[in-house]
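S.K.: One-letter residues, chain by chain:
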Amino acid sequence: MSELDAFRAEVREWLEANCPPEMREPVRDESDVCWGGRKCVFKNDAQKQWLEACVAKGYTVPDWPKPYGGAGLSPEETKILKQEMKRINARSPLDSFGIWMLGPALLKFGTEEQKVHYLGQIARGEIRWCQGYSEPGSGSDLVSLQTFGEDKGDHWVVNGSKIWTSYADKADWIFCLVRTDKANKYQGITFMLFDMESPGVTTKPIKLISGNSPFCETFFDDVAVPKTQFVGEINRGWDVAKYLLGHEREMISGGGAGGDMVSIGAVFAKSIGKNDHGELDDPILRAEMAAFDVDVFAYRAMGERFMDMWKTGRAHPASSNMMKYVGTELNKRRYELVMAGGGSEALEWDSPETSGGARPRAWLRTKANSIEGGTSEVMLNVIAKRILDLPGA
Amino acid sequence: MPLYHNDDQAMLKDSVAPFVAEQAPVAHLRQLRDTNDATGFSRELWAQFVEMGLPGMLVPEAHGGLGMGHMEAGIVLEEIGRNLTPSPFLSTGVGAVAALAKAGGTQAERWLPAIAAGEAIVALAIDEGAKHRPDRIATTAARAGNGFRLDGKKSFVLHGHVADMSIVAAKTDGGITLFAVPRQAKGVTADPRRLVDSSLASHVTLDGVEVDADAVIGEVDAGEDVLNALLAATRTGAAAEMVGVGQGAMDMTVNYLKERKQFGKLIGEFQALQHRAAHLYGEMEVARATVMKAQQLLDEGSDGAKLMVSVAKAKAGRAAGLAVREGVQMHGGIGMTDEYDIGLYMKRDRALAEYMGDVHYHIDQVARMNGY
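Protein chains in written order, with our numbering: chain A, 3 to 395; chain B, 9 to 380.
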């Protein structure tokens, strides 16, 4: 038996012993997702047990080094762990912007002290992070951001506002892009970290077309931030931000964005019905769903190849932009078909039979996929410039 | 296995890519076309393929081949696609080998070493109508004397007029049976037609063709598995070739965007074209990954291979189709001229798109395999 086979056997045994049966059920709604943090309320004991077991083993962040709360797994071992978790339908023990976004930035740019402190908190699910990037006047043109940190010797005084801060009202800390030099556009931004309970921080949820409020406006009114709480170098936060955006794109593309091997046509066979030949009883919709299945299964292979290459340094550094573009466009298409497949039932907005209009709300939510974290058009610009090397872009 | 080429595969690519580019660039296709070559490929080039061991790549070592996999064959096919090289590699070295290796027995003993040694060209006589419908084979094989008598018509048989042997799928009493029909068999006529991409494909008539019982590839009535192995290998190979065609067309087009000036600017500066090129890049990358996944699953003998093969043929068809259409459009007027190569890419893509099931066929297959 090879080492990897032995590892697989060990993982399988560990999961069997430690993943509670309730954590092998599909995620039904947001309350099934564990985000951790100071305000975390576990839905049940199983969720808590599962998190604690994974924390103890380093499996909330399996590929991070052990001193930072990870399990120090190689890319191959990480892939095996993911495969084995998927095999038993194990839920993610901990979802977190700390894991997906801040963590990779700290691993690359953080000091040893920052890594031990912040990464450990993230790995244990103790601190829930949010991201302060976009501003009302700075969307796609992020680098024009205006939130300003005035130098007061040992601290900055931060004033301004951020928008589209995901779950800012639930987060404990924020990683935030703050202008610290008004004369320098790109080299005048610092990547700061601070507590959302600092005096002067307020948040206001934004109601979206889905009726839900996953995003907030966040206001900073004379917020004092110690001058130790930044990542990388002062005024060089744009480098960290760009690196981190790559990971955000990786997350958006690898996450819920259509990478599933479940056939959409098979899912809707029941509601649409079949003809005597066993085909969906709506030939044009069947054709569109089958064409979509082809693209989803193809994208899944792309996701596998992308991760294999990304983790071993073989991928083009800008290829996460392509993944984000293709994946989010695909997810929007999925929900157009979900709505078509559901027909008039999928229009119901708050009936108990439709879990309070889960489908139309999810459909509307997906429209943000190709806006947040860089619009599809920005992704195409980046591909044209950095991968295809087209002129003037 | 990670979904990228390992060191050995990368080395293979490093030797095959310059070889094909130097020995059989697009000019080679033009030369065959402009001299109205009657073979459909260059025998000299094929001899060089043989020297490199390429026809025997997939042939098991026990039969004198290299015992490699679809991932390796795909590397060769991509270069064939990129250079639009006319070659019997796909039908002989991939489709026929897959069928014979799956079946084993007398015909495998007879033909696999010959293919590996470069002594045999094999054609695949599967299709019968204008569209690929391997589930509706009408050609019959009736028991006669010691063997069988074959009657029927086959179409789209690439290299059929020069093949030393054709693998013929026919209906027998209890199912489908595959036969090895030698060129000299009485009652076989191959009528070659020049296709849009300058390749030669035959209409083959089987008129009371008598073959011995041992001409059966595999078992009588049980040819479906062998046929499926042939189809899976050929479809995956055609998809790999299409990735090469699409990539070649895309590279040529992106280069053109960096050279051509209009309105005082390089046309590659226009965002309208940048976005289309970037979208195409994404589609091509996805197609490449999908084809590699199908190759990997075939090489592993995985149950999931059949689904992924159809996904790959459909996705490669979509992506390469987009590449050649965008290629011609972005080249503008010169893209319509015979002198520029981009049009040749469009023609080869059209033929490969149709070969062994088009996008629509395979999308339908994906629906069926998922129970709807």
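Because the hints were derived from the structure by calculation, they are not lab data. A portion of the hints provided could be inaccurate.
Taking lysine-lysine pairs in the DSS-like style, the calculated list, with each CA pair at most 27 Å apart, reads [stated by the list, open to error]: (1) A:LYS276 x B:LYS139; (2) B:LYS161 x A:LYS387; (3) B:LYS21 x B:LYS355; (4) B:LYS194 x A:LYS387; (5) B:LYS266 x A:LYS387; (6) B:LYS314 x A:LYS81; (7) A:LYS369 x A:LYS387; (8) B:LYS21 x A:LYS313; (9) B:LYS273 x B:LYS314; (10) A:LYS276 x A:LYS184; (11) B:LYS314 x A:LYS88; (12) B:LYS314 x A:LYS272; (13) A:LYS272 x A:LYS387; (14) B:LYS314 x A:LYS84; (15) A:LYS272 x A:LYS313; (16) A:LYS184 x A:LYS209; (17) A:LYS110 x A:LYS313; (18) A:LYS276 x B:LYS266; (19) A:LYS334 x A:LYS272.
S.K.: All hints, please: hold or fail.
M.R.: Hints versus structure:
no.	hint	in the structure
1	A:LYS276 x B:LYS139	holds, 26 Å
2	B:LYS161 x A:LYS387	violated, 53 Å
3	B:LYS21 x B:LYS355	holds, 25 Å
4	B:LYS194 x A:LYS387	violated, 62 Å
5	B:LYS266 x A:LYS387	holds, 12 Å
6	B:LYS314 x A:LYS81	holds, 24 Å
7	A:LYS369 x A:LYS387	holds, 25 Å
8	B:LYS21 x A:LYS313	holds, 23 Å
9	B:LYS273 x B:LYS314	violated, 48 Å
10	A:LYS276 x A:LYS184	violated, 64 Å
11	B:LYS314 x A:LYS88	holds, 22 Å
12	B:LYS314 x A:LYS272	holds, 25 Å
13	A:LYS272 x A:LYS387	violated, 46 Å
14	B:LYS314 x A:LYS84	holds, 24 Å
15	A:LYS272 x A:LYS313	violated, 40 Å
16	A:LYS184 x A:LYS209	violated, 32 Å
17	A:LYS110 x A:LYS313	holds, 14 Å
18	A:LYS276 x B:LYS266	violated, 51 Å
19	A:LYS334 x A:LYS272	holds, 22 Å
Going through the hint list in order, the structure does not satisfy hints 2, 4, 9, 10, 13, 15, 16 and 18.
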